[in-house]
Amino acid sequence: MNGLNRIKIVLVEKDKTGRWLAEQLGVSVTTISRWCSNSTQPDLITLAKIASLLDIDIKELLVSTKKVSKE
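Per the UniProt record's numbering, residue 1 is the first one in the sequence shown, and the count goes up by one each step.
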(Lines of atoms letter the chains of each structure in order from A and count residues from 1; the text may use other names and numbers.)
(Lines give C-alpha, C1' and ligand atoms only; values in the text may rest on other atoms or scores of the structure.)
Protein backbone atom coordinates (compact mmCIF):
# COMPACT_ATOMS: atom_id res chain seq x y z
CA MET A 1 0.00 0.00 0.00
CA ASN A 2 1.56 3.28 -1.11
CA GLY A 3 1.16 6.72 0.33
CA LEU A 4 0.49 5.94 3.98
CA ASN A 5 2.29 8.95 5.39
CA ARG A 6 2.74 12.64 4.58
CA ILE A 7 6.17 13.09 6.18
CA LYS A 8 7.76 14.50 3.03
CA ILE A 9 4.94 17.01 2.51
CA VAL A 10 4.93 18.18 6.12
CA LEU A 11 8.72 18.59 6.13
CA VAL A 12 8.39 20.92 3.14
CA GLU A 13 5.50 22.80 4.75
CA LYS A 14 7.56 23.28 7.93
CA ASP A 15 10.69 24.25 5.95
CA LYS A 16 12.65 21.32 7.42
CA THR A 17 14.91 18.78 5.73
CA GLY A 18 15.20 15.03 5.96
CA ARG A 19 18.72 15.53 7.31
CA TRP A 20 17.35 17.71 10.14
CA LEU A 21 14.74 15.07 11.01
CA ALA A 22 17.35 12.30 10.91
CA GLU A 23 19.57 14.22 13.33
CA GLN A 24 16.66 14.89 15.70
CA LEU A 25 15.60 11.23 15.75
CA GLY A 26 19.08 9.69 15.70
CA VAL A 27 18.43 7.70 12.54
CA SER A 28 20.09 7.71 9.14
CA VAL A 29 19.14 10.03 6.31
CA THR A 30 18.45 6.88 4.30
CA THR A 31 15.79 5.83 6.81
CA ILE A 32 14.09 9.22 6.51
CA SER A 33 14.26 8.96 2.73
CA ARG A 34 12.52 5.57 2.83
CA TRP A 35 9.79 6.99 5.07
CA CYS A 36 9.36 10.02 2.78
CA SER A 37 9.07 7.81 -0.28
CA ASN A 38 6.66 5.50 1.56
CA SER A 39 8.79 2.44 0.81
CA THR A 40 8.83 1.75 4.57
CA GLN A 41 6.89 3.22 7.48
CA PRO A 42 7.99 4.43 10.90
CA ASP A 43 6.45 2.77 13.94
CA LEU A 44 3.77 4.64 15.87
CA ILE A 45 6.12 5.79 18.63
CA THR A 46 8.46 7.30 16.04
CA LEU A 47 5.53 8.85 14.19
CA ALA A 48 4.48 10.51 17.45
CA LYS A 49 8.04 11.82 17.93
CA ILE A 50 8.02 13.23 14.40
CA ALA A 51 4.70 14.97 15.04
CA SER A 52 6.08 16.45 18.25
CA LEU A 53 9.26 17.68 16.55
CA LEU A 54 7.21 19.29 13.79
CA ASP A 55 4.68 20.69 16.29
CA ILE A 56 1.68 19.11 14.60
CA ASP A 57 -1.02 16.58 15.43
CA ILE A 58 0.00 13.04 14.51
CA LYS A 59 -3.06 12.83 12.26
CA GLU A 60 -1.48 15.39 9.95
CA LEU A 61 1.25 12.85 9.14
CA LEU A 62 -1.18 10.18 7.99
CA VAL A 63 -3.01 9.81 4.72
CA SER A 64 -6.70 9.17 5.25
CA THR A 65 -7.83 5.75 4.09
CA LYS A 66 -11.48 6.59 4.61
CA LYS A 67 -13.42 6.50 1.38
CA VAL A 68 -15.64 9.46 0.64
CA SER A 69 -19.15 8.36 -0.19
CA LYS A 70 -20.84 9.99 -3.15
CA GLU A 71 -24.42 10.52 -2.13
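Check before you lean on any hint, since a few could be wrong.
Quick list of the computed label-pair ranges, beta carbon to beta carbon [stated by the list, open to error]: (1) E13 with Q41: 29 to 37 Å; (2) K16 with I45: 28 to 36 Å; (3) K67 with T17: 19 to 27 Å.
Below, computed lysine-lysine pairings styled on DSS-like, alpha-carbon distance capped at 25 Å [unchecked claim]: (4) K67 with K16; (5) K67 with K8; (6) K8 with K49; (7) K49 with K14; (8) K14 with K59; (9) K49 with K59; (10) K16 with K49; (11) K59 with K8; (12) K16 with K66.
Simulated from the structure, these hints should not be mistaken for laboratory data. Keep in mind that this is a model prediction, so the values were computed, not measured. All C-beta atoms, glycine included, are put in the ideal place defined by N, C-alpha and C.
Hints and how they fare:
1. E13 with Q41: 29 to 37 Å: violated, 20 Å
2. K16 with I45: 28 to 36 Å: violated, 20 Å
3. K67 with T17: 19 to 27 Å: At 34 Å between Cβs, range violated.
4. K67 with K16: violated, 31 Å
5. K67 with K8: Judged against 25 Å, a Cα distance of about 23 Å means the pair holds.
6. K8 with K49: holds, 15 Å
7. K49 with K14: holds, 15 Å
8. K14 with K59: Roughly 16 Å separates the two Cα atoms, so the pair holds.
9. K49 with K59: holds, 13 Å
10. K16 with K49: holds, 15 Å
11. K59 with K8: holds, 14 Å
12. K16 with K66: Answer violated: K16 to K66 is near 28 Å, above 25 Å.
Violation of the numbered hints given earlier is confined to hints 1, 2, 3, 4, 12; the remaining hints are satisfied by the structure.
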